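Using the sequences provided together with the hints, build the complete structure.
Spelled out from the first residue to the last, the chains are:
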Amino acid sequence: MTDPRTLSPLELENPDKTYLDANELIINMGPQHPATHGVLRVILRLDGEKVLGLECVIGYLHRGVEKIAENRTYTMFNPYVDRMDYVAAVSNGLGYCEAVEKLLSVEAPPRAQYIRVILTELNRIASHQLWLGTHALDIGAITPLFYTFRDREEILKIFEKYCGARLTTHAFRIGGLQYEAYEGFEKDVKNFVSFVKPKIDEYEELLTTNRIWLERTKGVGVISGKDCIALGVTGPVLRASGVKWDIRKALPYANYKNFDFEVPIGTNGDTYDRYIVRMIEMRQSLRIIEQAVGGIPEGPIMAKVPKVMKPPVGEVYHSIEAPKGELGYFIVSDGSTQPYRVRVRPPSFVNLQALDLMCRNQLVADVIAVIGTLDIVLGEVDR
Amino acid sequence: MPDETKSPSTPLPEGEPKPTAGQPATPGAVKATPSGSVQSEIKAPSEKPSPTQVPKAAAPAAAKPATPAAGHPAPPKPAGPVPTPWESPMISKLKRTYGSGIEALAHLGQNYMTVDRSLLPEILQVLRDEEQFDYCVDLTAVHYPKREKQFDVVWVLYSFPRNERIRVKTLIADGDTLPSSVPLWTTTNWLEREVYDMFGIKFEGHPDLKRILLPDGWKGFPLRKDYGILQQDNEWVQINLGIESGQ
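Chains as they are written, first to last, in the numbering used here: chain R, 1 to 383; chain Y, 1 to 247.
Calculated directly from the structure, the hints in this document are not laboratory data. It is possible that some hints are incorrect.
[Said to hold, decoys possible] As a list, the in silico DSS-like pairs of lysine-lysine whose alpha-carbon atoms are at most 25 Å apart: (1) Y:Lys-202 <-> Y:Lys-219; (2) R:Lys-199 <-> R:Lys-187; (3) Y:Lys-169 <-> R:Lys-67; (4) Y:Lys-149 <-> Y:Lys-169; (5) Y:Lys-93 <-> R:Lys-67; (6) R:Lys-187 <-> R:Lys-197; (7) Y:Lys-202 <-> R:Lys-50; (8) R:Lys-257 <-> R:Lys-244; (9) R:Lys-67 <-> Y:Lys-219; (10) Y:Lys-210 <-> R:Lys-67; (11) R:Lys-257 <-> R:Lys-304; (12) Y:Lys-95 <-> Y:Lys-146; (13) Y:Lys-93 <-> Y:Lys-146; (14) R:Lys-67 <-> Y:Lys-95; (15) R:Lys-226 <-> R:Lys-199; (16) Y:Lys-210 <-> Y:Lys-225; (17) R:Lys-67 <-> Y:Lys-202; (18) Y:Lys-225 <-> Y:Lys-202.
Treat the numbers as computed from the prediction; the structure is a model and nothing was measured.
Take a look at the structure:
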């Protein structure tokens, strides 16, 4: 039985003919492939080793998160969002909680805002570390993986001590936080900052001027800023193409406007620039954490929200700068306890659309590098 | 998922356990909550312990309740802010050109316009070319089965030069098609496919309109309200997965 999806997208009339001609070749990659970071299937159209075009087949991890949301109360849906981008669960939670808070017209108290920012930025570092380790592994450098996982562990330990979970943290609640920062939280975070700073230099020592790394990343998967905007690509990929845009600066949320940090940009829009941008972002996140941890105000951690949440009728779109790009929630309330509709605007899904453009006229081996540099999480692509 | 196997009957009762558990001991409220539509009468007394759900910024606007007042002598229900007209040079310009086909409102600090289906292609074009909304953030739909025009289709647009985000909304009936926005914003390619996949709304002129998250042969559109949460295309599951049911 032929799956129509295999052939129709690339308009291949007679696969056998093409195969025998040996000019163009259709190759299937995935869904079970270690370098696709999950169950991503890519159908490649090749001329020798050159990629002429490709099509992504997604949906293998589709769980119907948006449908589930309509059948849960606002509070009950909160843990589900962690399961989308499971390497940056805290960011997902922040976006969702803030969107519902907007609907309810409440604001988390300052103390909660500070703790939220600290945890979210820690999660950004953890997400970038995981990206760096796996991306380098895909390209052939095994060592960084062990380094980044070793250091990411320290972040997960802080999460575990804070809320009991390491990955799907469910750290935030609508209206603030459930848990007060544990005793020694500030000290742990400060220790982590001084611990990880030299480690980031260490990663850079391994890669930034490494000749193999340069050969594998420079000029690979180039995308212009204009194309990024047309394709809706956001996050580090957009910034590496020279567009200085970060939602934390452009449309500030939480209390990011209180902190001093810079938005790094690249010039060439290639895989190497995206690597550099993410490395600088980690350092900037540390800078935010340093500022926040010194100034956590005293006070309540939870705003006054009703136990049974019934946001007034209305709709809201709220987005945050997740580690991977713009993560948006469009929530429609009909005044009942359950959201009428929750739409998640996942950065990975939209960014993945650029894969075709970025891989054209590259080599097959570079497809792996480009998938890695896009930093997708299939849990979020498929929802 | 374990809690789904516990209540396999209808999708609605799933929302029940939580409100019941979270409710303070007000017997009347427990019964009435699940129905959802009568909440305004019941909500007020049950909320007495915490009546201050402060709508901070929009305190004056909060005087008007969003839902019609209940015939209950209870403390004033904390109603949300109501939509106010959205006024800007762009809107007045659009209104001058297109007249009453545009309704522009601001709600919770966010601006959106509801546009007549017939004006939509032109307005999207104008927004991109003249008003510099160069980034289509998101495209999605909402299903209201009881309305004559069943679907809200929503474009979230952002302008890099203006640093402004707006939403454009249009209402269409089941079976109506929309013009594809792929020529305007390439990113809508996958977004339109997803809307088609989940709601069955067709976009004319889309280069390759087919399902994206669900398999090609799947029947039904899951995010429509009449599609149950436990519902599946059993035929597809049986043929392609070789199992009786996906549940």
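Checked hints:
1. Between Y:Lys-202 and Y:Lys-219, the direct Cα distance comes to roughly 15 Å. Compliance with the 25 Å bound is thereby established for this hinted pair.
2. At most 25 Å may separate the alpha-carbon atoms for a hinted pair to count; R:Lys-199 and R:Lys-187 meet this at roughly 19 Å.
3. Proposed proximity of Y:Lys-169 and R:Lys-67 is supported: the alpha carbons are some 21 Å apart, at most 25 Å.
4. Simply put, Y:Lys-149 and Y:Lys-169 have alpha-carbon atoms about 13 Å apart, close enough for the 25 Å limit, and the pair holds.
5. This hinted pair does not check out: Y:Lys-93 and R:Lys-67 have alpha carbons roughly 39 Å apart, beyond 25 Å.
6. This hinted pair checks out: R:Lys-187 and R:Lys-197 have alpha carbons roughly 16 Å apart, not beyond 25 Å.
7. Pair hint Y:Lys-202 plus R:Lys-50 does not hold up; C-alpha atoms about 35 Å apart against a cutoff of 25 Å.
8. A threshold of 25 Å between alpha carbons decides the hint, and for R:Lys-257 with R:Lys-244 the separation of about 16 Å falls inside it, so the pair holds.
9. For the suggested pair R:Lys-67 and Y:Lys-219, the alpha carbons sit about 16 Å apart, so the restraint of at most 25 Å is met.
10. The suggested pairing of Y:Lys-210 with R:Lys-67 holds, with an alpha-carbon distance near 20 Å, which does not exceed 25 Å.
11. Between R:Lys-257 and R:Lys-304 the alpha-carbon distance is near 24 Å, which keeps this suggested pair within the 25 Å criterion.
12. Between Y:Lys-95 and Y:Lys-146, the direct Cα distance comes to roughly 30 Å. Violation of the 25 Å bound is thereby established for this hinted pair.
13. Proximity of Y:Lys-93 to Y:Lys-146 is assessed by CA-CA distance (about 34 Å); at most 25 Å being required, the pair is judged violated.
14. A C-alpha spacing of about 36 Å is found between R:Lys-67 and Y:Lys-95, which places the hinted pair above 25 Å, so the restraint is violated.
15. For a cut-off of 25 Å, the pair hint linking R:Lys-226 to R:Lys-199 is broken: about 35 Å separates their Cα positions.
16. This hinted pair checks out: Y:Lys-210 and Y:Lys-225 have alpha carbons roughly 21 Å apart, not beyond 25 Å.
17. The straight-line distance between the Cα atoms of R:Lys-67 and Y:Lys-202 is roughly 20 Å, inside the 25 Å bound, and the hint therefore holds.
18. Among the hinted pairs, Y:Lys-225 with Y:Lys-202 is consistent with the structure: their alpha-carbon atoms are about 18 Å apart, no more than 25 Å.
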